[in-house]
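Chains as they are written, first to last, in the working numbering: chain A, 1 to 188; chain B, 189 to 372.
Among the hints, a few may not be true.
What the hints assert, rightly or not - What the simulated footprint calls covered on chain B by chain A, stretch by stretch (three residues with Cβ under 8 Å from a Cβ of chain A suffice, anywhere in the stretch; the number is not a length):
no.	region
1	191–200
2	215–223
3	238–244
4	254–261
5	269–283
6	293–307
7	350–358
The set of hints was computed from the structure by calculation and includes no laboratory data. Note that this is a predicted model, so its numbers are computed, not measured. Every residue gets a Cβ at the ideal spot worked out from N, C-alpha and C, and that includes glycine.
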Amino acid sequence: MGHKNKYWTLFLSTLTISTFTFGGGYVIISLLKKKFSDELGWIEEKEMLNLAAIAQSSPGAVAVNAAILVGYKVAGLPGTIIAIIGTILPPFVIISVISLCYTAFRDNRIVAAVLRGMQSGVAAVIADVTVNLCGTVYKETQVLGLVVMVAAFAASWFFSVNVLWIILACAIFGVGRTWYLHHKEGRA
Amino acid sequence: MNYLDLFLSFFQIGLFSFGGGMAAMPLIQAQVVDRHGWLTMAEFTDLITISEMTPGPIAVNASTFVGTRIGGTLGALVATFGCILPSCIIVSLLAWLYFRYKNLSYIQGTLSGLRPAIVALIASAGLSILSLALLGEGSFNWLGGLMFLAGFLVLRRWKPDPILVMLGCGVLGGVLYPLLDGGF
Chain A
1 MGHKNKYWTL FLSTLTISTF TFGGGYVIIS LLKKKFSDEL GWIEEKEMLN
51 LAAIAQSSPG AVAVNAAILV GYKVAGLPGT IIAIIGTILP PFVIISVISL
101 CYTAFRDNRI VAAVLRGMQS GVAAVIADVT VNLCGTVYKE TQVLGLVVMV
151 AAFAASWFFS VNVLWIILAC AIFGVGRTWY LHHKEGRA
Chain B
189 MNYLDLFLSF FQIGLFSFGG GMAAMPLIQA QVVDRHGWLT MAEFTDLITI
239 SEMTPGPIAV NASTFVGTRI GGTLGALVAT FGCILPSCII VSLLAWLYFR
289 YKNLSYIQGT LSGLRPAIVA LIASAGLSIL SLALLGEGSF NWLGGLMFLA
339 GFLVLRRWKP DPILVMLGCG VLGGVLYPLL DGGF
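So that you can see chain A by itself, here it is in the shape it has in the complex (with noise of 0.2 Å):
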């Protein structure tokens, strides 16, 4: 593909993906997942979670962090302004025309009703590809990744830990488990 093709398709790529992102950083982490690890083939799926993770760990809006980091890895600097780009501009349009007559969006029956539909969907969507992430973690990692999964799952919806936390948390034992394989093998 030449540079300017992928350009563009990076470009729309993240225009429509931010155009339809409602719900925050992991629903934008799903469908740049499906957009592209499954339907282009660009970014492995694992290095999908590698960059959500550092986008997740960074200051600033996740949704633009992964951006940022999926428009390098496709295209280096180049990719990474056309890829913020895609990302703000919808929302700032969006929010510009909106901030004009607020009250009467805000109010509005069907505006209300497509969103909660749209709610539905979106739930859907990250469903299918916690699915997808689940299998790759298993077969990866087998039941170790599970079980940080389920303790990370657990910190975070049953017990409202901070993600930071979370983060830093699974940080340092993926440190301690590799510093733990290097002294096994040193004595092997």
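Using the hints, position chain B against chain A.
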């Protein structure tokens, strides 16, 4: 009206909001309502409602909203640029480091610990949206549940573009919810 104030305020919001989404809200409130009085608390609440109803990160929505109200389109551009600039610098640097050093065993090890956590966080976010869709209005929303199941099955079976599933549910909701609630 001072564009520099606007830029600096949103630069701070972009720099200090970790964890995404609602985590940025208290910071935005501190800058926009408490410190500069650009919005009243009621307007800020409207902003959150609108952010939840429209696509895009809440910090970017807030920059555009506040920027437009106090400085027109130029204000919106200045605020949005300030808000994403810290991400652009920090994350580009991290991207460069990651693609250069990702094969080091400790980086690999750290990331292999993080990947299951990210899947868990995605699942947790999905469950929050699902419970909002099904239980948000007080009583159990069976139509929302049916649309969720249908959407999920369609995605598993035919693997369509996910945006089509989201839009399909939106259109169905736009038609069926008002009918159920007693006509248009």
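Starting from the hint list further up, note which numbers the structure goes against and sort them upward. The structure conflicts with hints 1 and 2, although it agrees with all the remaining ones.
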